[in-house]
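For the protein sequence lines, the chains are D and B, in the order given. Quick note on numbering: my numbering labels position 109 of the first sequence as 109, and the sequence is numbered without any gaps. Quick note on numbering: my numbering labels position 42 of the second sequence as 42, and the sequence is numbered without any gaps.
It is possible that part of the hints are untrue.
[Claimed, not checked] Below, computed lysine to aspartate or glutamate pairings styled on EDC-like, alpha-carbon distance capped at 20 Å:
(1) Lys4(D) - Glu27(B)
(2) Lys246(D) - Glu182(D)
(3) Lys3(D) - Asp108(B)
(4) Lys288(D) - Glu27(B)
(5) Lys4(D) - Asp237(B)
(6) Lys29(B) - Glu6(D)
(7) Lys151(B) - Glu177(D)
Bear in mind the hints are in silico, worked out from the structure with no lab data behind them.
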Amino acid sequence: MAKKFEVMVGNKAVAYAAKLARVKYVSAFPITPQTTIVQYLADMMASGELDAEYVTMEGELSCQASAITASTTVRSFTATSGPGLLYMHHPMHMTSWARLPLVMAVVHRSTKGMQPDQMDTMSQRDTGWLMLECQNSQELLDTGIMSFKIAEDPRVRLPLIFAGDGYILSYTSEPVEIPAQEEVDAFLPPYKRPYPMYPEEAEEARALMSEMWNPFVDPQKVWADQQQAAMNAKTVIKEVNAEFEKWFGRSYGNGLVEEYKCEDVDAVLVSMGTIASTAKTAIDQMQKNGKKIGLVAIKSFKPFPDEEFQRIAGYAKAMGVIDRNVSTGTRGGITFTEIRHALYDVDERPVTLNFHAGMRGKEVRVEDLKRMAEKTLKAANGEKVSPIVEWA
Amino acid sequence: MEIRFHGRGGQGAVTGTRILATALYYEGKFTQGIPMYGTERRGAPVVSFLRIGEQRINERDLVHEPDMVIVLDPLLGKSVPITDGLKKGGIVLINHPHKGRETGLGGDFKVATVDATNIALDTIGRPITNTAILGAFAKVTGSVSLESIEKAINDQWSGRIAEMNINAVRKAYEEANMPEDVSDLPPQKVEVKPGERDVSSWRVFRPELDKEKCIGCKRCYILCPEVAIGMVDGKADINYPYCKGCGICVEECPVKAIEFVQETL
């Protein structure tokens, strides 16, 4: 089949993902830089390309609430940014509690300005949602399609956020391949209702319902189950990523992390999202000059790839972790903390350094990343470097 | 190759970048069109970037050392340092009625020109200069065919709008002036500093008041969104540094005492 490409902005790629997944319900409230996603979806519905119900809500809280209800019966989708996501916080706990495989696109916008950083999704870290991060517009489209398959897998059945940086991806145009609808249909089976709609369906769903509402069940069980499902997601994400590769010829690392040029290196830079993309250019240039440093791009933040980092610790003597986020009152950024937590169980721990970069859209240039890489290499060579955590 | 676009809100720098990104993609290139969004509004200086490569472009930062600068407005250089960071021997393609050496630009680069404002007024009827400049780009660089640009324009619009823009591209291709060396000329000075309120250079048209006809009704004085019109001796008085040339006063004057005159260079 001939490949179909279009030069499009990141937001259009997200809209295509929802369209190709044949979502039946979209609830949305416009917020920069997410707005054009719902404009494109509304256009697709108006022109008859997409057969779905579109509801403009009066705010993000009701967006999430209505998507919860809709996703009990049909494949549903919503998208938001920054403060909009914060306004969804309360019902988001409900979505994971009800174990609904709702998929949401988040176009990163700072909680303290218009420009991107990861503080919006990081503020939802403990809502029980899975979180995937994207580096370019093609990855947004592909991850969007994979997200539905991951979230709806019976071993997982958890809500999922896939995210990309606002402005840097949302409004930047680049060529994106649009997979054929028939192939997506074959890859992603029709939605299976997690709750019964007709009496004859009731039997299979009863187990889940009764656990949720039965006062004799351990009150903590809901989290224990979610935790188990999120851990199962590690396997499911890897499987879906590999299956996507078979169908469409593209995959993203092993689904959890992407190790870029990590053969025969002494150290690695670690990052998520578009910073990781720019870091690839920095790594190319460093390796051309004989520097032994690679890149680990985190693709899945929730579930966090602990085992992958424990394995990477086997070859990297130092890790320079770049965080587009901060957890005030904790030493270092959020992925930095998670990585150190994962490495505690390793006998020979690498040196870990942290850089806060790109917050509120502060530009992260190739030169900045090369400087961070140099510092990480110094640490790998046994030199004492300080500070461990810096504002780059 | 990396390109920086300078324009004003409303001239279509962002759309122009996307059309060129699409056209170059049709030439087999991988492109990345990066708009800069902030508090843009009609007339305010805007900037966008275009990267052209052979495969997927991983860099996600902005372009700081462009090979080429495309300027959609002739007077933008007075308020924005349009040639900053331009590589030695690079090209400036500017919307200007005169040839490269008469644009007031100077430095270690070449200047190509095209009178995009008048071409746009002729073909589109509005001073939206983004598509005209692309026709000149095709001629000056030879890196993209007119067919690819026209195909990309047809992706963006259809019908009469597409046709008008394609006419602008073709006319600009005919009329563009090839790059001229300006390394012996002094650099252009940025006269208006950011934060200053002189917006004279934003105008394509200038309102001119006939004091004899003015009846002192204060309609223009009340409606001017920029408070650029005062009242002196019972007659309207235009304060040009504050006037962006929106034309509301021309439209609203009940006795047609204000005429809209195109600015000339």
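We went through each hint and held it up to the structure:
A hinted pair counts as satisfied when its Cα atoms are at most 20 Å apart, and Lys4(D) with Glu27(B) qualifies at roughly 15 Å. Among the hinted pairs, Lys246(D) with Glu182(D) is consistent with the structure: their alpha-carbon atoms are about 15 Å apart, no more than 20 Å. As the CA atoms of Lys3(D) and Asp108(B) are separated by approximately 44 Å, the hinted pair breaks the 20 Å bound. Pair hint Lys288(D) plus Glu27(B) does not hold up; C-alpha atoms about 29 Å apart against a cutoff of 20 Å.
Distance restraint check for Lys4(D) and Asp237(B): the Cα-Cα separation of roughly 59 Å exceeds the 20 Å cut-off, and the hinted pair is therefore not satisfied. The suggested pairing of Lys29(B) with Glu6(D) holds, with an alpha-carbon distance near 13 Å, which does not exceed 20 Å. Taking the CA atoms of Lys151(B) and Glu177(D), the gap is near 18 Å; set against the 20 Å cutoff, the hint holds.
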